[in-house]
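Chemist: Chain residues, written in single-letter form:
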Amino acid sequence: MSAVPLLERSRAADPDAPTQRVIDATLRCVARWGLAKTTVDDVAREAGIARATLYRLFPGGRDALLEAVLAAEAGRLCARLDATFRAAGSLEDLLVGAVVDVATTLTGHPALRFLVAHEPEAVLPHLAFERMDAVLGSVAGFAGPYLVPWLPPGDDGSSPEEGGARAAEWVARVALSYLVAPSTGVDLCDPASARRLVRAFILPGLTPGAFLPDQPTDHSRGGTPTHA
Amino acid sequence: MTPGLAAVGGRGVVTPGVVAPGSPVRARVLEATYVCVARHGLAKATVEDVAREASLSRATVYRHFPGGRDELLREAIAWETTRFFVRLADAVSGTSDFTGLVEEALLFARRAIDDHVVLQKVLRTEPDRLLPTLTVESLKILVHIRAFLIPHLEAEPRLRPGVDVAEAAEYVARMFLSWIGAPGRWDLGDRDQVRRLVRTELLAGLLEPGAPG
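Heads up: the sequence lines are chains A and B, in that order.
Going by my numbering, the first sequence opens with residue 1, and the numbers climb by one from there.
Going by my numbering, the second sequence opens with residue 1001, and the numbers climb by one from there.
One or more of the hints may lead you astray.
[Said to hold, decoys possible] Here are some of the chain B residues that sit facing chain A, going by a computed Cβ distance under 10 Å:
#: 1; residue: ASP1128
#: 2; residue: LEU1131
#: 3; residue: LEU1142
#: 4; residue: ALA1155
#: 5; residue: ARG1158
#: 6; residue: PRO1161
#: 7; residue: VAL1172
#: 8; residue: GLU1201
#: 9; residue: LEU1206
[Unchecked claim] Far from chain A, by Cβ distances over 12 Å, these chain B residues were calculated:
#: 10; residue: ARG1052
#: 11; residue: TYR1062
#: 12; residue: GLY1068
#: 13; residue: ALA1089
#: 14; residue: GLU1104
#: 15; residue: THR1133
#: 16; residue: SER1138
#: 17; residue: GLU1170
#: 18; residue: TYR1171
#: 19; residue: ARG1196
#: 20; residue: GLY1205
#: 21; residue: PRO1209
Derived from the structure by calculation, the hints contain no laboratory data.
The beta carbon of each residue, even a glycine, is placed where N, CA and C say it ideally should be.
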């Protein structure tokens, strides 16, 4: 589960550090040629360093390098989200900001764009079934705690931490769905569009007593939520 | 009655006309492809195997699927994905309100995925071959789920004023696909959890919490 600790390394990297130079070079190579065709030699040449130096920095070779790239990019996104979470003055602003951060980061990422367009097999398997569960688990672990102070107490006996993790996972699903299969009516890179979506479908589920009771009949009115 | 097992034989679950495979020969080839994948996996299924399984010549298979093996596999995944959702629509046809419909759909879909022997086998052994195509084909189903949901939502008396039905149906369709593929923190085999999920994250924005007034 390499994805889990990735999101915890959210410190911004020094762009002049040799490792970061290699990581940036890798991203440029992938944006140009894709993942399958990018070799360690390509990256070393792009970074202007010797092959031996690259192997000294990344003793695991190509796999270790790619893992470091993924960790660095996840860390960059997390740093950006951290700033958004801290600056938000309301739950709505926090969610809208986070969704827009994720959307603009992913859609504006040249290497990721190349992969989605030309090597979907490198990306899509991570967004389904168990691997998607792992992605969602990482997001919940990273973003959940930021949400806790904003959420109403759970009405099903769940802890505040569980509530935060659930909400984070939910918002991540919404964002990923609209990003992986773009919608005609929703553009999450546009803050106004993201706000509309958050207001319409997410916030109502995060307000106190959001649980929908059974359909009220003429005899029993749904004043009190019926809990499962 | 596990849908996954029924699908291996491919007969009697839904009539070929329902899933519109194009022609009887096409349906026969897709079914044969599916059987070959179930037996040998995606990597080892060949046009020769499929032709033999369908009792057709290779030339006939190529006439219907000029793209050969790649096209066969892609179309077979699309075909089985469509059949899955046809079974699902059938399974939820008896529900009375929108909340019940979505609850039953989640319960059925998750169980059908867990019980789908061929899907589980290929997911285990060849995920990288299956998932790009399966993801793309599932997303194509999105518009159909949305279209299926719209009249049900329109008929829902508790619909909140101001809700755009088409937008709401799309949201539910997307979240539905997301949850059945990767349930995350939720156990979709547990009816109480499904009830909670549907009544908070899925529909809280769409329906009025209680009776008006």
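Chemist: Tell me the numbers of any earlier hints that the structure contravenes, in ascending order.
Modeler: Going through the list in order, the structure violates hints 4, 6, 15, 16, 17, 18, 19, 20, 21 and respects the others.
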